[in-house]
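Residue numbers (the numbering used here), protein chains in the order written: chain A, 165 to 318; chain B, 165 to 318; chain C, 165 to 318.
I should point out that these hints are in silico values taken from the structure, not numbers from a laboratory. Fair warning: this is a prediction, and the values are worked out from it, not measured in the lab. Just so you know, not all the hints are guaranteed correct.
All copies of an identical chain are treated as equivalent in the list; a pair is satisfied when it fits inside any one copy or across any two copies.
Claimed, not checked - Mimicking DSBU-like on lysine-lysine, the simulated pairs with C-alpha atoms at most 30 Å apart in a straight line are:
{"no.": "1", "residue 1": "LYS232", "residue 2": "LYS270"}
{"no.": "2", "residue 1": "LYS253", "residue 2": "LYS302"}
{"no.": "3", "residue 1": "LYS195", "residue 2": "LYS251"}
{"no.": "4", "residue 1": "LYS277", "residue 2": "LYS251"}
{"no.": "5", "residue 1": "LYS253", "residue 2": "LYS183"}
{"no.": "6", "residue 1": "LYS251", "residue 2": "LYS270"}
{"no.": "7", "residue 1": "LYS302", "residue 2": "LYS183"}
{"no.": "8", "residue 1": "LYS253", "residue 2": "LYS195"}
{"no.": "9", "residue 1": "LYS302", "residue 2": "LYS251"}
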Amino acid sequence: MEYRIGTGFDIHRLEEGRKLIIGGVQIPFEKGFKAHSDGDIFFHALTDALLGAIGYGDIGQLFPDSDKKWEGADSSIFLKEASRIVKEKGYEIVNIDCYILLERPKLLPFREKIIENTANILQIDKNRIFIKGKSYEKLGEIGRSEAGSAHVVV
Amino acid sequence: MEYRIGTGFDIHRLEEGRKLIIGGVQIPFEKGFKAHSDGDIFFHALTDALLGAIGYGDIGQLFPDSDKKWEGADSSIFLKEASRIVKEKGYEIVNIDCYILLERPKLLPFREKIIENTANILQIDKNRIFIKGKSYEKLGEIGRSEAGSAHVVV
Amino acid sequence: MEYRIGTGFDIHRLEEGRKLIIGGVQIPFEKGFKAHSDGDIFFHALTDALLGAIGYGDIGQLFPDSDKKWEGADSSIFLKEASRIVKEKGYEIVNIDCYILLERPKLLPFREKIIENTANILQIDKNRIFIKGKSYEKLGEIGRSEAGSAHVVV
Ligand SMILES: [Mg+2]
Ligand SMILES: [Mg+2]
Ligand SMILES: [Mg+2]
Chain A
165 MEYRIGTGFD
175 IHRLEEGRKL
185 IIGGVQIPFE
195 KGFKAHSDGD
205 IFFHALTDAL
215 LGAIGYGDIG
225 QLFPDSDKKW
235 EGADSSIFLK
245 EASRIVKEKG
255 YEIVNIDCYI
265 LLERPKLLPF
275 REKIIENTAN
285 ILQIDKNRIF
295 IKGKSYEKLG
305 EIGRSEAGSA
315 HVVV
Chain B
165 MEYRIGTGFD
175 IHRLEEGRKL
185 IIGGVQIPFE
195 KGFKAHSDGD
205 IFFHALTDAL
215 LGAIGYGDIG
225 QLFPDSDKKW
235 EGADSSIFLK
245 EASRIVKEKG
255 YEIVNIDCYI
265 LLERPKLLPF
275 REKIIENTAN
285 ILQIDKNRIF
295 IKGKSYEKLG
305 EIGRSEAGSA
315 HVVV
Chain C
165 MEYRIGTGFD
175 IHRLEEGRKL
185 IIGGVQIPFE
195 KGFKAHSDGD
205 IFFHALTDAL
215 LGAIGYGDIG
225 QLFPDSDKKW
235 EGADSSIFLK
245 EASRIVKEKG
255 YEIVNIDCYI
265 LLERPKLLPF
275 REKIIENTAN
285 ILQIDKNRIF
295 IKGKSYEKLG
305 EIGRSEAGSA
315 HVVV
């Protein structure tokens with residue numbers, strides 16, 4: 165079996181009155197991602213990277229945000245479906261790496277739990293998944309804590 | 165033969181009175197990419213990713229925008245040349261994944277044609293190429309439809 | 165041995181009165197990266213990509229910028245340590261590709277030296293490392309030469 169590569173990206177605005185959810189973990193913060201679903205930028209970017217690696221489709225096409233069905237949806241549903249498709253097509257995940265651009269809060273205290281959630285959904289070993297948070301040095305909307313983005317390779 | 169990895173990026177401003185060309189497809193829109201060549205961000209980023217993976221050079225070095233020769237050039241020329249070099253060095257392309265950050269218009273209706281064009285130029289199977297469009301959530305210049313970017317891995 | 169993938173990113177503000185250091189090369193320019201260490205965005209992003217590929221940790225965790233020890237530090241120290249860990253865990257580096265977003269100055273004249281420095285630190289062949297500079301088309305802070313970023317895949 166050959167090695168394929170995939171890349172995924174997601175960005176959402178941060179606003180008050182929303183829960184901040186990354187990798188299925190609810191992170192205490194005064195803002196959360198504005199989105200049709202739960203706004204989980206890591207699960208969205210990872211779903212796109214997995215589906216892109218096998219050339220199957222993308223998250224906006226499979227789970228359109230115009231569909232009432234996905235309103236407030238738990239994004240693990242999208243990731244689970246991507247994982248099912250990857251396996252069905254005969255592929256296995258070797259490893260996942262990701263950086264999250266988020267000015268605040270720090271991601272490190274939640275990393276272990278995010279990796280654990282992801283490993284459970286994908287049914288792969290935890291040591292095949294990594295995620296790191298990076299500051300955007302107070303530049304632009306991300307730097308002003310008005311948005312956050314996820315950048316994934318698989 | 166070992167597996168090598170490459171990454172490419174391109175960004176151009178959108179302005180009125182230019183054709184919007186992505187992956188060799190002319191997409192109906194009121195603006196197009198401002199560039200010395202035809203401004204095809206996908207072909208530019210892909211050319212850089214292929215040349216970077218084999219450590220050969222980059223698009224700005226091989227096809228300088230100070231050269232009259234490339235004024236208004238069809239960017240498939242750059243991609244064709246990158247493909248020729250990759251083959252000459254004894255490498256084969258396994259797969260390509262990409263996301264395009266473009267607020268409008270949606271890329272999905274043009275995806276099949278973009279993939280077909282790319283497959284023809286590179287002489288590889290269509291299922292080895294994937295491309296997805298993403299919104300930048302109305303943030304910054306990309307979000308205001310003043311620019312668009314391409315992010316490629318190979 | 166399986167092939168793993170990693171991705172790293174770094175961004176710093178440019179300000180007057182600092183040296184501009186990329187890949188261990190001091191580049192003549194009127195500004196340099198503001199950082200706790202020497203602000204070498206390429207070595208920082210590469211360190212993160214290598215550590216992320218093997219799922220070990222990240223640069224902020226291993227070399228916290230709250231630690232006096234790393235004040236003004238030569239970032240080759242971080243890269244050397246990442247390289248040591250990668251080898252200790254039984255991995256080898258196949259290749260590295262990178263793009264640097266920097267409006268000015270052009271990176272090309274310094275590329276050979278950056279690649280040489282990196283090859284020496286990692287003790288791998290120069291043809292396994294590539295780096296290219298890209299303009300951000302005068303957009304945002306990067307386009308105004310107020311910041312620069314590095315985007316690495318391994
Ligand atoms: Mg999303
Ligand atoms: Mg271009
Ligand atoms: Mg840094």
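Here's how the hints hold up against the structure:
| no. | hint | in the structure |
| --- | --- | --- |
| 1 | LYS232 - LYS270 | between (33 Å within a copy, 20 Å between copies) |
| 2 | LYS253 - LYS302 | neither (42 Å within a copy, 35 Å between copies) |
| 3 | LYS195 - LYS251 | neither (36 Å within a copy, 41 Å between copies) |
| 4 | LYS277 - LYS251 | both (24 Å within a copy, 27 Å between copies) |
| 5 | LYS253 - LYS183 | neither (35 Å within a copy, 38 Å between copies) |
| 6 | LYS251 - LYS270 | between (33 Å within a copy, 29 Å between copies) |
| 7 | LYS302 - LYS183 | both (22 Å within a copy, 21 Å between copies) |
| 8 | LYS253 - LYS195 | neither (38 Å within a copy, 39 Å between copies) |
| 9 | LYS302 - LYS251 | neither (40 Å within a copy, 35 Å between copies) |
The structure is inconsistent with the numbered hints 2, 3, 5, 8, 9, although it conforms to all the rest.
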